[in-house]
Amino acid sequence: MEKLKPKIKDYPGQHIKLKIDNPNLDFAEAKDFAKQRAEETGADPMLLSWYQGKTGESYPNLECGPGDKPAWITYAESRGGDLTIDINEG
Numbered sequence: 000m001e002k003l004k005p006k007i008k009d010y011p012g013q014h015i016k017l018k019i020d021n022p023n024l025d026f027a028e029a030k031d032f033a034k035q036r037a038e039e040t041g042a043d044p045m046l047l048s049w050y051q052g053k054t055g056e057s058y059p060n061l062e063c064g065p066g067d068k069p070a071w072i073t074y075a076e077s078r079g080g081d082l083t084i085d086i087n088e089g
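At position 28 of the sequence shown the residue is numbered 27 (numbering that gives the first Met the number 0), and the sequence of numbers has no breaks.
Zero decoy hints are in this set.
Taking lysine-lysine and the DSSO-like style, the derived pairs with C-alpha atoms no more than 27 Å apart in a straight line are:
(1) Lys-53 - Lys-18
(2) Lys-53 - Lys-68
(3) Lys-53 - Lys-30
(4) Lys-68 - Lys-30
(5) Lys-34 - Lys-16
Rather than coming from a laboratory, the hints here were simulated on the basis of the structure.
Computed from a predicted structure; not experimentally measured.
Could you put the whole structure together from the sequences, leaning on the hints where they help?
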């Protein structure tokens, strides 16, 4: 399956960009930053899907939808995802 590099317009709902000045930032730390920021919106956040720009990895790693968007975006949208947090543009 061809990997589609998502564009910001593809992401569901509200968009928040975070810049974390840590060249060694790992997935767990990025997830914690995202959760903290999501909680600041007043929402009760739940991680539905994710994409790691450096590696192209995503969750869920499956095919769904018509293929015009990456599966992780379609998955989140179909479950009511309305907040996207982009860390270090990736």
